[in-house]
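Undergrad: Sequence:
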Amino acid sequence: MRPRVELFRLRFNGTRVRFKVYTPADGNVLRRAAFVTSPIGDAESWDALCRILAGQGCLCVAFELPGFGHTPVDAPQDNATRSAILWGVLDEVEISRGDPPSKWHLVSHGSGCAVILEMTRTQPDGVASRTLISPVTHRFTTSLSRSFVSGRLGRWLYTKAYEYRAGSIKRFGAKLYKLYGERLTDERVYNLHREFYREGRTETLFELFAKGYRLPEKAYRVAAPIMLIWGKNDPFGPRPDERLLKSLPDTEVHYITSAHMSMETMPQEISEYLKGWFEFAEGRMKTPHKQKRQY
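At position 121 of the sequence shown the residue is numbered 121 (the numbering used here), and the sequence of numbers has no breaks.
Misleading hints may appear alongside valid ones.
[Unchecked claim] Once the Cα atoms are required to be at most 25 Å apart in a straight line, the calculated SDA-like pairs of lysine to any residue come out as:
#1 Lys218 - Gly181
#2 Lys275 - Gln56
#3 Lys246 - Lys160
#4 Lys160 - Lys103
#5 Lys211 - Pro124
#6 Lys232 - Thr251
#7 Lys103 - Phe12
Just so you know, the hints here were simulated from the structure itself, not pulled from any lab data.
With the hints as extra help, turn the sequences into a complete structure.
TA: This is how it looks when you write it as C-alpha coordinates:
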(Lines of atoms letter the chains of each structure in order from A; the text may use other names.)
(Lines give C-alpha, C1' and ligand atoms only; values in the text may rest on other atoms or scores of the structure.)
Protein backbone atom coordinates (compact mmCIF):
# COMPACT_ATOMS: atom_id res chain seq x y z
CA MET A 1 0.00 0.00 0.00
CA ARG A 2 1.25 3.45 -0.88
CA PRO A 3 1.80 5.99 1.92
CA ARG A 4 -0.24 9.16 2.07
CA VAL A 5 1.86 12.10 0.91
CA GLU A 6 0.87 15.67 1.75
CA LEU A 7 2.58 18.96 0.85
CA PHE A 8 2.46 21.84 3.37
CA ARG A 9 3.54 25.48 3.46
CA LEU A 10 3.66 27.24 6.81
CA ARG A 11 5.03 30.50 8.18
CA PHE A 12 6.97 30.76 11.43
CA ASN A 13 7.93 34.26 12.56
CA GLY A 14 7.69 35.48 8.98
CA THR A 15 9.75 32.63 7.48
CA ARG A 16 8.00 30.40 5.00
CA VAL A 17 8.67 26.67 5.30
CA ARG A 18 7.84 24.04 2.70
CA PHE A 19 7.73 20.38 3.65
CA LYS A 20 6.12 17.03 2.83
CA VAL A 21 4.62 14.54 5.27
CA TYR A 22 4.65 10.82 4.44
CA THR A 23 2.18 8.82 6.55
CA PRO A 24 2.11 4.99 6.56
CA ALA A 25 -0.88 3.77 4.56
CA ASP A 26 -2.38 1.83 7.46
CA GLY A 27 -1.87 4.74 9.86
CA ASN A 28 0.28 2.62 12.18
CA VAL A 29 3.30 4.78 13.06
CA LEU A 30 6.24 2.88 14.57
CA ARG A 31 8.70 5.78 14.54
CA ARG A 32 9.15 9.34 13.30
CA ALA A 33 11.92 10.83 11.18
CA ALA A 34 12.63 14.33 9.88
CA PHE A 35 14.75 15.01 6.79
CA VAL A 36 16.53 18.28 5.97
CA THR A 37 17.93 18.83 2.50
CA SER A 38 20.89 20.90 1.32
CA PRO A 39 20.75 24.11 -0.76
CA ILE A 40 21.07 22.24 -4.05
CA GLY A 41 18.07 19.98 -3.38
CA ASP A 42 14.43 20.24 -2.36
CA ALA A 43 11.81 18.22 -0.52
CA GLU A 44 11.53 15.96 -3.57
CA SER A 45 15.14 14.88 -3.02
CA TRP A 46 13.87 12.67 -0.17
CA ASP A 47 10.75 11.41 -1.97
CA ALA A 48 11.78 7.87 -2.93
CA LEU A 49 13.55 7.29 0.40
CA CYS A 50 10.60 8.55 2.47
CA ARG A 51 8.16 6.39 0.53
CA ILE A 52 10.23 3.31 1.33
CA LEU A 53 10.50 4.16 5.03
CA ALA A 54 6.82 5.12 5.31
CA GLY A 55 6.03 1.68 3.91
CA GLN A 56 7.90 0.30 6.94
CA GLY A 57 5.86 2.29 9.45
CA CYS A 58 7.91 5.49 9.67
CA LEU A 59 6.17 8.87 9.69
CA CYS A 60 8.50 11.04 7.56
CA VAL A 61 8.68 14.82 7.35
CA ALA A 62 10.91 16.12 4.52
CA PHE A 63 11.98 19.76 4.80
CA GLU A 64 13.53 22.18 2.39
CA LEU A 65 16.30 24.19 3.99
CA PRO A 66 14.72 27.63 4.66
CA GLY A 67 15.84 30.07 1.98
CA PHE A 68 16.37 27.36 -0.64
CA GLY A 69 14.32 25.02 -2.79
CA HIS A 70 10.85 26.47 -3.36
CA THR A 71 11.01 28.71 -0.27
CA PRO A 72 11.55 32.51 -0.37
CA VAL A 73 15.19 33.54 -0.54
CA ASP A 74 15.13 35.93 2.44
CA ALA A 75 15.16 33.28 5.18
CA PRO A 76 17.58 33.51 8.14
CA GLN A 77 20.62 31.25 7.84
CA ASP A 78 21.87 31.07 11.43
CA ASN A 79 21.38 27.62 12.90
CA ALA A 80 19.69 28.79 16.11
CA THR A 81 16.85 30.35 14.11
CA ARG A 82 16.63 27.48 11.63
CA SER A 83 16.53 24.99 14.50
CA ALA A 84 13.66 26.84 16.18
CA ILE A 85 11.72 26.95 12.90
CA LEU A 86 12.11 23.24 12.17
CA TRP A 87 11.22 22.21 15.73
CA GLY A 88 8.17 24.45 15.42
CA VAL A 89 7.11 22.58 12.28
CA LEU A 90 7.54 19.19 13.97
CA ASP A 91 5.47 20.43 16.93
CA GLU A 92 2.76 21.48 14.48
CA VAL A 93 2.82 18.05 12.81
CA GLU A 94 2.39 16.34 16.18
CA ILE A 95 -0.42 18.68 17.25
CA SER A 96 -2.27 18.29 13.95
CA ARG A 97 -2.12 14.51 14.33
CA GLY A 98 -3.13 14.60 17.97
CA ASP A 99 0.16 12.96 18.97
CA PRO A 100 1.99 13.59 22.25
CA PRO A 101 5.54 15.01 22.08
CA SER A 102 7.70 12.36 20.42
CA LYS A 103 11.32 11.52 19.78
CA TRP A 104 12.46 12.12 16.20
CA HIS A 105 15.20 10.54 14.14
CA LEU A 106 16.91 13.50 12.45
CA VAL A 107 18.43 12.96 8.99
CA SER A 108 20.18 15.66 6.98
CA HIS A 109 22.30 16.17 3.91
CA GLY A 110 25.18 18.42 2.91
CA SER A 111 24.98 21.95 4.29
CA GLY A 112 21.76 21.04 6.08
CA CYS A 113 23.68 18.87 8.53
CA ALA A 114 24.70 21.70 10.85
CA VAL A 115 21.09 22.52 11.69
CA ILE A 116 20.26 19.06 13.08
CA LEU A 117 23.31 19.23 15.34
CA GLU A 118 21.88 22.49 16.67
CA MET A 119 18.39 20.95 16.91
CA THR A 120 19.86 18.23 19.10
CA ARG A 121 21.59 20.77 21.33
CA THR A 122 18.43 22.79 21.89
CA GLN A 123 16.02 19.86 22.39
CA PRO A 124 18.05 16.72 23.17
CA ASP A 125 15.05 14.96 24.72
CA GLY A 126 13.24 15.15 21.38
CA VAL A 127 15.96 13.35 19.40
CA ALA A 128 16.14 9.58 18.96
CA SER A 129 19.14 9.60 16.61
CA ARG A 130 21.02 11.66 14.03
CA THR A 131 22.22 10.75 10.54
CA LEU A 132 24.51 12.94 8.45
CA ILE A 133 24.58 12.14 4.73
CA SER A 134 27.55 13.68 2.90
CA PRO A 135 27.83 16.44 5.54
CA VAL A 136 29.31 19.85 4.77
CA THR A 137 29.62 21.53 8.17
CA HIS A 138 33.15 22.75 8.90
CA ARG A 139 34.19 23.75 5.41
CA PHE A 140 33.75 27.52 5.79
CA THR A 141 34.08 27.74 9.56
CA THR A 142 37.81 28.34 9.93
CA SER A 143 39.15 28.01 6.39
CA LEU A 144 40.49 30.75 4.16
CA SER A 145 37.57 30.06 1.83
CA ARG A 146 35.12 31.60 4.28
CA SER A 147 37.22 34.74 4.70
CA PHE A 148 37.64 35.03 0.95
CA VAL A 149 33.94 34.66 0.15
CA SER A 150 33.09 37.16 2.89
CA GLY A 151 35.30 39.84 1.32
CA ARG A 152 34.31 42.21 -1.46
CA LEU A 153 36.49 40.55 -4.10
CA GLY A 154 35.37 37.07 -3.09
CA ARG A 155 31.71 38.04 -3.23
CA TRP A 156 32.19 39.59 -6.66
CA LEU A 157 34.00 36.53 -8.05
CA TYR A 158 31.47 34.13 -6.53
CA THR A 159 28.59 36.18 -7.95
CA LYS A 160 30.15 36.11 -11.42
CA ALA A 161 30.63 32.33 -11.23
CA TYR A 162 27.05 31.97 -10.02
CA GLU A 163 25.75 34.11 -12.88
CA TYR A 164 27.88 32.14 -15.35
CA ARG A 165 26.21 28.87 -14.36
CA ALA A 166 22.81 30.51 -14.06
CA GLY A 167 22.96 31.56 -17.68
CA SER A 168 23.14 28.01 -18.98
CA ILE A 169 21.12 24.96 -17.99
CA LYS A 170 23.75 22.89 -19.78
CA ARG A 171 26.53 24.15 -17.49
CA PHE A 172 24.32 23.62 -14.46
CA GLY A 173 23.53 20.10 -15.68
CA ALA A 174 27.26 19.36 -15.83
CA LYS A 175 27.59 20.48 -12.20
CA LEU A 176 24.67 18.27 -11.19
CA TYR A 177 26.26 15.31 -12.98
CA LYS A 178 29.27 15.59 -10.64
CA LEU A 179 27.06 15.86 -7.56
CA TYR A 180 24.73 13.02 -8.50
CA GLY A 181 27.18 10.77 -10.31
CA GLU A 182 24.58 10.16 -12.99
CA ARG A 183 22.56 12.10 -15.53
CA LEU A 184 19.21 13.47 -14.42
CA THR A 185 16.11 13.88 -16.51
CA ASP A 186 15.75 17.16 -18.36
CA GLU A 187 12.74 17.98 -16.20
CA ARG A 188 14.67 17.46 -12.96
CA VAL A 189 17.60 19.58 -14.16
CA TYR A 190 15.21 22.34 -15.23
CA ASN A 191 13.38 22.35 -11.88
CA LEU A 192 16.58 22.41 -9.82
CA HIS A 193 18.02 25.16 -12.01
CA ARG A 194 14.89 27.25 -11.60
CA GLU A 195 14.93 26.82 -7.81
CA PHE A 196 18.64 27.43 -7.25
CA TYR A 197 19.05 30.43 -9.54
CA ARG A 198 16.18 32.56 -8.33
CA GLU A 199 16.64 36.30 -8.00
CA GLY A 200 18.28 37.15 -4.68
CA ARG A 201 19.70 33.68 -4.13
CA THR A 202 23.32 34.86 -4.07
CA GLU A 203 22.67 36.92 -0.94
CA THR A 204 21.13 33.86 0.73
CA LEU A 205 24.22 31.84 -0.15
CA PHE A 206 26.51 34.51 1.31
CA GLU A 207 24.42 34.43 4.50
CA LEU A 208 24.80 30.65 4.55
CA PHE A 209 28.57 30.91 4.16
CA ALA A 210 28.76 33.52 6.93
CA LYS A 211 26.40 31.92 9.46
CA GLY A 212 25.15 28.51 8.34
CA TYR A 213 28.21 26.50 9.38
CA ARG A 214 28.70 28.08 12.79
CA LEU A 215 27.81 25.95 15.79
CA PRO A 216 28.48 26.35 19.51
CA GLU A 217 30.91 23.81 20.91
CA LYS A 218 28.09 22.23 22.92
CA ALA A 219 26.41 21.13 19.69
CA TYR A 220 29.17 18.52 19.26
CA ARG A 221 28.91 17.18 22.82
CA VAL A 222 25.30 16.02 22.96
CA ALA A 223 25.11 12.30 23.70
CA ALA A 224 22.67 11.25 20.97
CA PRO A 225 23.44 8.35 18.58
CA ILE A 226 24.95 9.61 15.34
CA MET A 227 25.75 7.95 12.02
CA LEU A 228 27.51 9.39 8.99
CA ILE A 229 27.15 8.10 5.41
CA TRP A 230 29.67 9.27 2.83
CA GLY A 231 29.89 8.56 -0.89
CA LYS A 232 33.32 7.41 -2.00
CA ASN A 233 32.82 9.31 -5.28
CA ASP A 234 31.70 12.53 -3.63
CA PRO A 235 33.20 15.55 -5.49
CA PHE A 236 33.92 17.12 -2.07
CA GLY A 237 36.49 14.35 -1.54
CA PRO A 238 36.79 10.62 -0.76
CA ARG A 239 36.37 11.20 2.99
CA PRO A 240 34.40 13.53 5.27
CA ASP A 241 36.08 16.58 6.78
CA GLU A 242 38.54 15.30 9.39
CA ARG A 243 37.61 18.18 11.71
CA LEU A 244 34.04 16.91 11.81
CA LEU A 245 35.12 13.35 12.60
CA LYS A 246 37.36 14.61 15.42
CA SER A 247 34.50 16.74 16.79
CA LEU A 248 32.16 13.72 16.77
CA PRO A 249 34.46 10.84 17.78
CA ASP A 250 31.65 8.36 18.51
CA THR A 251 30.14 8.64 15.04
CA GLU A 252 29.43 5.41 13.17
CA VAL A 253 30.81 6.02 9.67
CA HIS A 254 29.81 4.15 6.52
CA TYR A 255 31.21 4.58 3.02
CA ILE A 256 29.14 3.73 -0.02
CA THR A 257 29.86 3.83 -3.74
CA SER A 258 27.99 6.97 -4.65
CA ALA A 259 28.49 10.67 -5.29
CA HIS A 260 27.10 13.52 -3.16
CA MET A 261 23.33 13.01 -3.55
CA SER A 262 23.08 9.38 -2.43
CA MET A 263 19.69 9.81 -0.71
CA GLU A 264 18.22 10.57 -4.14
CA THR A 265 20.28 8.19 -6.29
CA MET A 266 20.42 5.20 -3.88
CA PRO A 267 17.22 5.38 -1.79
CA GLN A 268 16.90 1.63 -1.29
CA GLU A 269 20.43 1.24 0.04
CA ILE A 270 20.15 4.32 2.27
CA SER A 271 16.81 3.06 3.62
CA GLU A 272 18.47 -0.18 4.72
CA TYR A 273 21.12 1.73 6.64
CA LEU A 274 18.50 3.97 8.22
CA LYS A 275 16.13 1.15 9.20
CA GLY A 276 18.93 -0.69 11.02
CA TRP A 277 20.18 2.52 12.60
CA PHE A 278 16.74 3.57 13.80
CA GLU A 279 16.15 0.16 15.37
CA PHE A 280 19.56 0.27 17.04
CA ALA A 281 18.93 3.74 18.47
CA GLU A 282 15.55 2.56 19.77
CA GLY A 283 17.14 -0.43 21.50
CA ARG A 284 15.57 -2.95 19.14
CA MET A 285 18.95 -4.18 17.84
CA LYS A 286 22.26 -4.78 19.63
CA THR A 287 24.29 -3.56 16.65
CA PRO A 288 23.34 -0.90 14.11
CA HIS A 289 23.26 -3.35 11.20
CA LYS A 290 22.75 -7.09 11.09
CA GLN A 291 25.25 -7.21 8.29
CA LYS A 292 27.41 -4.28 7.30
CA ARG A 293 27.48 -3.84 3.58
CA GLN A 294 29.46 -1.70 1.17
CA TYR A 295 27.45 -0.47 -1.78
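Undergrad: For each hint given before, does the structure comply? Return the numbers of the non-compliant ones in rising order.
TA: Of the numbered hints given earlier, those the structure breaks are 1, 3 and 4, listed in rising order.
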